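> The primary structure of each chain is shown beneath.
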Amino acid sequence: MADIDITSQTIDGMGPHGTKVGLLRVLGPAHVWALGVGIVLVGEYMGWNFAVGKGGAYAALIACWFAGILYSCVAMIDSEVTSTVASAGGQYTQAKHIIGPLMAFNVGLYLVFAYTMLEAANAITAGYLFFVVAQMTGHAGDLDQRPFIILVIMFLAWLNYRGVLATLTFNLVITAIAFCAILILFLSTSGILGGGIMEHTALFEGHELPYGWIGVLAAMHFGLWYYLGIEGTTQAAEEVRSPARALPFGTLAGIMTLLIAATLTWYVCSGVLPWEYLGDGVNGSVAPLFDTARLSGSNGLVWLLGFGTLFATLASANGCINDASRAWFAMGRDKYLPGWFGAVHPQYRTPYRAIVFLVPIALIFALGAPLDQVITFSILSGLLGYTFMPLNIILFRRKWPLETIKRGYEHPFHPIPAITLLTLCGVTFFAVFLGYGTQLVAMIGFYIVVSLWFHFWRYRFVNRGAQFTMPWPKPQGY
Amino acid sequence: MDLWNYLEYAAWGISALLGLHMLVDWLKTDSSYSEDVLTSSREGELEAMAEEHRR
Amino acid sequence: MAHYTPPKQGKTSQLFDVLVLVVLTFGALFVPLWMGMAGAAKSVATPDPNPTWETLGQTPAQAAKYEALGYDPASAHDLILARFDYSFSIGALLTMIVVIVLYYVLILRFSEVEYREVISEKFGRE
Numbered sequence: 001m002a003d004i005d006i007t008s009q010t011i012d013g014m015g016p017h018g019t020k021v022g023l024l025r026v027l028g029p030a031h032v033w034a035l036g037v038g039i040v041l042v043g044e045y046m047g048w049n050f051a052v053g054k055g056g057a058y059a060a061l062i063a064c065w066f067a068g069i070l071y072s073c074v075a076m077i078d079s080e081v082t083s084t085v086a087s088a089g090g091q092y093t094q095a096k097h098i099i100g101p102l103m104a105f106n107v108g109l110y111l112v113f114a115y116t117m118l119e120a121a122n123a124i125t126a127g128y129l130f131f132v133v134a135q136m137t138g139h140a141g142d143l144d145q146r147p148f149i150i151l152v153i154m155f156l157a158w159l160n161y162r163g164v165l166a167t168l169t170f171n172l173v174i175t176a177i178a179f180c181a182i183l184i185l186f187l188s189t190s191g192i193l194g195g196g197i198m199e200h201t202a203l204f205e206g207h208e209l210p211y212g213w214i215g216v217l218a219a220m221h222f223g224l225w226y227y228l229g230i231e232g233t234t235q236a237a238e239e240v241r242s243p244a245r246a247l248p249f250g251t252l253a254g255i256m257t258l259l260i261a262a263t264l265t266w267y268v269c270s271g272v273l274p275w276e277y278l279g280d281g282v283n284g285s286v287a288p289l290f291d292t293a294r295l296s297g298s299n300g301l302v303w304l305l306g307f308g309t310l311f312a313t314l315a316s317a318n319g320c321i322n323d324a325s326r327a328w329f330a331m332g333r334d335k336y337l338p339g340w341f342g343a344v345h346p347q348y349r350t351p352y353r354a355i356v357f358l359v360p361i362a363l364i365f366a367l368g369a370p371l372d373q374v375i376t377f378s379i380l381s382g383l384l385g386y387t388f389m390p391l392n393i394i395l396f397r398r399k400w401p402l403e404t405i406k407r408g409y410e411h412p413f414h415p416i417p418a419i420t421l422l423t424l425c426g427v428t429f430f431a432v433f434l435g436y437g438t439q440l441v442a443m444i445g446f447y448i449v450v451s452l453w454f455h456f457w458r459y460r461f462v463n464r465g466a467q468f469t470m471p472w473p474k475p476q477g478y
Numbered sequence: 479m480d481l482w483n484y485l486e487y488a489a490w491g492i493s494a495l496l497g498l499h500m501l502v503d504w505l506k507t508d509s510s511y512s513e514d515v516l517t518s519s520r521e522g523e524l525e526a527m528a529e530e531h532r533r
Numbered sequence: 534m535a536h537y538t539p540p541k542q543g544k545t546s547q548l549f550d551v552l553v554l555v556v557l558t559f560g561a562l563f564v565p566l567w568m569g570m571a572g573a574a575k576s577v578a579t580p581d582p583n584p585t586w587e588t589l590g591q592t593p594a595q596a597a598k599y600e601a602l603g604y605d606p607a608s609a610h611d612l613i614l615a616r617f618d619y620s621f622s623i624g625a626l627l628t629m630i631v632v633i634v635l636y637y638v639l640i641l642r643f644s645e646v647e648y649r650e651v652i653s654e655k656f657g658r659e
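Chains as they are written, first to last, in the working numbering: chain R, 1 to 478; chain Y, 479 to 533; chain U, 534 to 659.
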């Protein structure tokens, strides 16, 4: 055995329980913000506009705000639980301590699938961007998108492999640029700086709610896309210097950023692009913010938003690799998955086997499946996860009332956020059912089969008492 | 052949290099450290440390 | 209660478990695709043989935007007139509700059984 490189002066690495090589605690609240917002912001650059197609521009705005409420509940609930359960795996570890092993296994899979699919969708979008830019710069013939898709996934996986601090610092920079691009587009097209080009009244005339109110319900499906992934901040818990403070701070700052970005995006795009064009993300507006910039007539804005779109997809794919590998790693560490995955790289201190293993999976999805299918799989996994959260917080407060465990953050008005969240999840299930009922059932069928597989086969390899690692008192009622 | 054709080849090439680098490093790491060390990470070490401090 | 000691899992068995998961995943994603049941496509209910911006229901301001984007009434025809079909059967809706509820009941029940075991091993019986 070679000598073990543990240079840490503080608590990371060598710890009790026999940990010789652990994940490195190096991140601050800004990194948490970058991880959360970075994953999501791509949703503003592409994808949310399907909601416009589902029910018109007003429906998309209503969906944007209701989904905003849904995610504010998610962020608050998540912040409370995670400020006490600070460990890689995020919601997976929460479920394991609060509801039980099978729920945790399912939640872990939701996370891995939601993020890996989102990563694939991002790589597809990035490949398409290269294709468009090649055409705009006069490339003869069609560009082969595959090498660029593969390069995006490979480069980001490599970055993740080499260390979490560089990975998330990179994310912080490109996320900040992409967010500023939205602000600048808003300022320069809305009439605040220079002449405005917004024509909401004229564009909405005669098309207020083209499908009536059922269109508003249907729009909720893609309304999630404005914010999908913000819950991923918790995956960094084991690598943040002071999780009890930084995680709630980063998460809540993240959801506020997104509420602003989502509303501004809706405002500028719907004020410039007619709804039929805006709402068709396949044949019409693939990248709505970019299209808005094109109609503004300013070359500078076109370039800015072009780079914004590319950076947003990269930041998102990057965060997804980070989160999916943490969840996969955490499950391996507990033997929910083969223990081989629970390894940490002795120098880079990353879950390197999980990162490498998920690369080919992401590549197969990115190269072999259609985009809307991939997005739907991702949204559904996310939605199942949000449905779990209200159950989680209700049981958490019941088994450990406020005075029994000190929380880094307590969310207000319990249980109203939990009930709101559950109701909105129900509405969204119905919205998904309107368009993708078959996938919904196929997907739940999949989760039922793997649940049975886990309960009757896989769980035998798991240590029973030892997987409960938090220093909490015995839960009430047991 | 224009710039974009070269970029295509470059993208294939860089992807292969990055993939190879991860693969080589992975195999090297696996062979130079024992499995016990690599998979020694345990959940909740911070919490357990805090507990031990309090005692 | 007796302490449960899990068996050590061999390399081959670990590999097999991973394969099972991967195969199931691809199944869930690709089977609906192969069976042609995936996705909700838009379609044009009543095509317009000689479309103008007026017959497509566009005001002059809206038509100007389409022209700025490079469309004429003929090329914008499908984009503008295609609509989703939101009709559904109560039976399908009930099936979905039952499947979702069953799924959550299943995992919550099994989780509870496993959780009690975890708690009693961790904290012991009082």
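FYI, nobody ran anything at the bench for these hints, they're computed from the structure. If you're wondering where the values come from, they're calculated on a predicted model, not measured in any experiment. There's no promise every hint is true.
[Claimed, not checked] Which stretches of chain R does chain U cover? Using the computed rule of at least three CB atoms under 8 angstroms from a CB of chain U, they are:
(1) 99-107
(2) 271-281
(3) 438-445
(4) 451-459
All C-beta atoms in this analysis are idealised placements derived from N, C-alpha and C, irrespective of residue type, glycine included.
> Check whether three or more residues of the region 451-459 of chain R sit with their beta carbon closer than 8 angstroms to a beta carbon of chain U.
Holds, because 5 residues of the region 451-459 of chain R bring their Cβ atoms closer than 8 angstroms to Cβ atoms of chain U.
> Taking 8 angstroms as the Cβ threshold, is the statement that the region 271-281 of chain R is covered by chain U upheld or broken by the three-residue rule?
Holds, because 6 residues of the region 271-281 of chain R bring their Cβ atoms closer than 8 angstroms to Cβ atoms of chain U.
> If you count the residues of the region 438-445 of chain R with a beta-carbon closer than 8 angstroms to a beta-carbon of chain U, do you get 3 or more?
holds (count 8)
> Counting residues of the region 99-107 of chain R whose CB is closer than 8 angstroms to a CB in chain U, do you get three or more?
holds (count 7)
Checked against the numbered hints above, the structure breaks none of them.
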